[in-house]
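*Asks:* Counting in the working numbering, the sequence shown runs from 242 upward without gaps.
Keep in mind that a hint or two might mislead.
Unchecked claim - Cut-off 25 angstroms, straight-line C-alpha distance, at most; resulting in silico cross-link-like pairs (DSS-like, lysine-lysine):
(1) Lys402 / Lys454
(2) Lys355 / Lys281
(3) Lys504 / Lys402
(4) Lys325 / Lys504
(5) Lys454 / Lys473
To be verified - Simulated restraints on C-beta separations:
(6) Gly457 / Glu627: 44 to 50 angstroms
(7) Lys255 / Gly608: 30 to 36 angstroms
(8) Glu627 / Pro368: 31 to 37 angstroms
Hints in this document: simulated from the structure, not taken from any laboratory. For every residue, glycine included, the Cβ atom is placed at its ideal position computed from N, Cα and C.
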Amino acid sequence: MVPKSQSVLIHPAKRLGGVLTMPGDKSISHRVAILAATAKGSSTVLNYLQSEDCLNTLHAMERLGARSFFSEEGELTIQGTGGKFLEPVDALDLGNSGTGMRLLAGLLAGLRMKAELTGDQSLCSRPMNRIKEPLEKMGATIELLGDNGRPPIRIQGGGLKGIDYAIPVASAQVKSCILLATLFAGGTTTITEVLPTRDHTERCLRAAGVPLKSEGLRIQMAGCGPKGPRLKARTWAVPGDFSSAAYALAAAAARPDSTVTVKNVGLNPRRTALLQVLERMNARIQVNDRSGPDDAEPFGDVTISGSRLTATEVGGAEIPAMIDELPLVAILGALAEGETVIRDARELRVKESDRIACMAANLKLLGVDVEEREDGMAIRGPARLEPVAGIRSYSDHRIAMSLAVLGTYGVGPVCIHNVACVQTSYPAFWDHLIALGAHVE
242 MVPKSQSVLI HPAKRLGGVL TMPGDKSISH RVAILAATAK GSSTVLNYLQ SEDCLNTLHA
302 MERLGARSFF SEEGELTIQG TGGKFLEPVD ALDLGNSGTG MRLLAGLLAG LRMKAELTGD
362 QSLCSRPMNR IKEPLEKMGA TIELLGDNGR PPIRIQGGGL KGIDYAIPVA SAQVKSCILL
422 ATLFAGGTTT ITEVLPTRDH TERCLRAAGV PLKSEGLRIQ MAGCGPKGPR LKARTWAVPG
482 DFSSAAYALA AAAARPDSTV TVKNVGLNPR RTALLQVLER MNARIQVNDR SGPDDAEPFG
542 DVTISGSRLT ATEVGGAEIP AMIDELPLVA ILGALAEGET VIRDARELRV KESDRIACMA
602 ANLKLLGVDV EEREDGMAIR GPARLEPVAG IRSYSDHRIA MSLAVLGTYG VGPVCIHNVA
662 CVQTSYPAFW DHLIALGAHV E
């Protein structure tokens, strides 16, 4: 494993291949931690992602009264509160996790208590008015203590009522925030999305015993009142993270003699648009769905065989279904023949970094012909990648891992600085990249 604080040197690789079993899904791990802590009784979680982001959410639930421990085999047990949470004395620190902060803000808004949420410098630069508005419409008092609607967030919760709310941006985090607040609200909440977004929260709520209706872009859920829901303690099996698996798939995609299989990976159709994009770009994909009718989420194995890639265009409804993989699409565009266009992706500008500007800057340093646009970029390939003494991750895990994959396709070594950020989502990334045959030092 590459030490957390170190820069890394990525060497070119003629061939990468192998079989990887993926660690737990980050998005689902957050949601399971919150729902298991809200349930009455003891829940078992298999394959919980032990990354910094997910551990911060778990620690926050412990501060609110839940108890948890990992077995030597990595199995997580969470003793829930039955909805009877403790008021935290100090701010709950979510580190780098926008998902953890927005989901917890929804839960806390429903509780008759005061609480404050904070995080690192990156998290405290991210927009939170998008959750302040619906939570205040429901009856919570929300203060954004940072500049221009940024964290920390101070919450006075309780006394919520259901609302009819049209979310102005395609955001699963905003949707989930409202749904978690509705657990402790009176009346019914109806949410209308602008585009379909990942539905992990809806699936997890149903698995925990909460009925809700989904039809097209509308989700309707009856509130459980101030006493909260009677969630079922259960065994949760977290599938592998598709967004993490995407790096291994991209590492083989443009290599005609490379094959990679990722096992036990989530196959939620609202997360896997990258597979269709890879097929359009001429990669060969095989999917083996191994999930059963009782599984909250579909999962299975994905095998990719590389080829000479051709350019494509991504936009519209595809964007929410691959928002975390868009930096990788830029990487694939640099390797493909023709002009690859990413559009309708303004949301990338308010992630852990401005991913449009940061990816464009790094691609230019590597010799790629790239045009930054307001809502995305155009990449013209295939590029002859230049060896670079130092490129920046901008403390963004998605950028660091995407650039590492691109570095394996170069003609000389590429040095990436500040790779500690990878720990927030995929601590096994470097080990997995090396297992596929990459030379990393």
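*Asks:* Which of the stated hints cannot be reconciled with the structure, identified by number in ascending sequence?
*Replies:* 3, 4, 7
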